[in-house]
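Asks: Now for the letters of each chain:
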Amino acid sequence: MSGMDITEIRNHYSGYVRRKWLLIGFSVILILLLSAFAVSLGSFKLSYSEILMIIASSFASEPTTIEEYVIMTNRLPRIIFAMMAGFGLAICGTVMQAVLRNPLASPFTLGIASAAGLGAAIAFILGAGIGTGMYLVIGNAFLFTLIASGLVFGLASIRGITPGSVIMAGIAISYLFSAMTSFVQYFSAAENLQMVVFWMLGSLDKANWEIITATGIILLITCPYLFWKAIDLNVMGAGDECAKSMGVNVKRVRLSCLGLTSLITAGIICFTGTIGFIGLVAPHITRMMVGGDHRFLLPAAGIVGAVLLVAADAAARNILPGQVLPVGIMTAFFGVPFFLYLFIRRGSGDW
Amino acid sequence: MLGLVGPNGSGKTTLIKCIDHILKPQGSILLGDRNISQMDTSEIAELIGYVPQNSPPMPSFTVFDVVLMGRRSCMGWCVSDEDITTVAGVLKKLNIDGLAMHNFNELSGGQRQKILIARSLAQNPSVLLLDEPTSSLDLRHQLEAMDYIKSLVHSTGITVVVSLHDLNLAARYCDTLAMMKGGAIAAAGPPNQLITRENIMDVYGVEARLLENDGGAPFVIPIKASDAVERMN
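Line order of the protein sequences matches chains A and B. If you read the first sequence in my numbering, its first letter stands for residue 1, the second for the next number, and so on. If you read the second sequence in my numbering, its first letter stands for residue 1, the second for the next number, and so on.
Derived by calculation from the structure, the hints in this document are not laboratory data. Since the model is a prediction, treat every value here as computed from it, not as a measurement. Please note that a few of the clues may not be correct.
[To be verified] Example chain B residues on the side facing chain A (calculated, C-beta under 7 angstroms, incomplete):
id, residue
1, 41
2, 42
3, 69
Quick reminder that beta carbons are idealized off the backbone N, C-alpha and C, glycines included.
Assemble the whole structure, with the sequences as input and the hints as a guide.
Replies: Shown next, in the form of structure tokens:
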């Protein structure tokens, strides 16, 4: 062990923190450039200056020309929603992995995917649920997601909300809801079945300004709390007992964080379908880049999630001309190679 | 400096967790004249440091990050200069400053144990609870860690409660020992009065011979497990 004096250790640490800020700054620039590029992609070829003009003029008047329509009601909301959904899901994944101390935890650990799937299937196939029109599916997915999380928390709290009990309850509920979905699907007509399957693959087709407002409100309410709890999330990594001895109210933090992540996830995937892979992989990618300190990890993971989803969506819209592939498929195609690259390159210090 | 000794399952760890209010005891635990069950968790965190036997892996955390966790109850969201100085000072004192920027998960069991000690010291506690702090340390690091804890007791007046398996280490470093058996303290007193053949027979069910160490502390040489005593587990 080489000796260092205190100033030297301090310099090392502040350098380490500065590198994290740089990486976060860099990823913010990346997401901005990427979004600008994504807006310009599509069958309507528009230059950056034309797009800027359209966006500027839209503050004054409703879209009239087809170009204005394409940008303002299709591409721009879609990309903004992709950013928000990627950001939210990645943050949820990060928080889940921290409070459950499990690298495989993601918003879907709590059975959320299968619950949303069941809600959507019931809407598509039986036509039953809350809301009308396109809001029938959204309302159902949202409701069932919250029901599933409620069940998981209820079951888990019988044995105390520990990582083990939450994961076990989540798996049980997840299988139950999948089975119910299969049951409903088994008796459905072929065209309805196709709609359910397509919904589950995930897409951003429904993005519009109302959805952006709704999701934005959820994120604005919940994320500050999660960021504020960053230090407690760090300390919980040391184990429940140590976290308690360092003054963290483990139960309360775990329950409130899981509750809020369920709300965020429900608020996102009821619009998109199940695109949960981002929530699993973005935290890992980010942790390998900026380390485990959640004060930096949370915002950075959010931005990485946004980058992944915007890139995946841009690819999904443009790889096959005239066809929009399900974005859920593209996120895996994009995320896995990058994840594996970091995974192979980095050593044993991570999970 | 109080040492807790006793066979496996005799309640050493449980007692330590009760003192830190990680487990809620039925009776009351007084710190000075205050009952800890009436204090809130951050207040306990500022007074009592706890070092567990081992730690779950903490992926992607550097040693500095891990020790910084100890500052949780006294720091805000932003890490202050004082926090950094405290952490750096503790790392330096425990002679693990060279590891500061290493990844916690890549270190050996012994190195991790020292880092956990460092983390609790970063809390600046007035009571330090250590659960088997030397269980995965080699000979040299055992002495280093115990010497450091002992010097801390002398220089800062901090109270240390430490559970130890090694009777000889306990006898050498602790001012008072408490022998635990079946969830209760069977006997307590200064090492040279407590470590007797009768007590070792009673608590551990082991026949032993005693020598005297250079410093006057008793030194136990176990001879054989006695057949006469019923096995507890």
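Asks: Determine for every hint whether it applies to the structure shown.
Replies: Hint check:
1. 41: Hint on residue 41/B: holds, closest Cβ of chain A at ~5 angstroms, below 7 angstroms.
2. 42: Interface hint status for residue 42/B: holds (4 angstroms vs cutoff 7 angstroms).
3. 69: The hint holds - residue 69/B has a Cβ within 7 angstroms of chain A, the shortest such distance being about 5 angstroms.
Going through the hint list in order, the structure satisfies each hint without exception.
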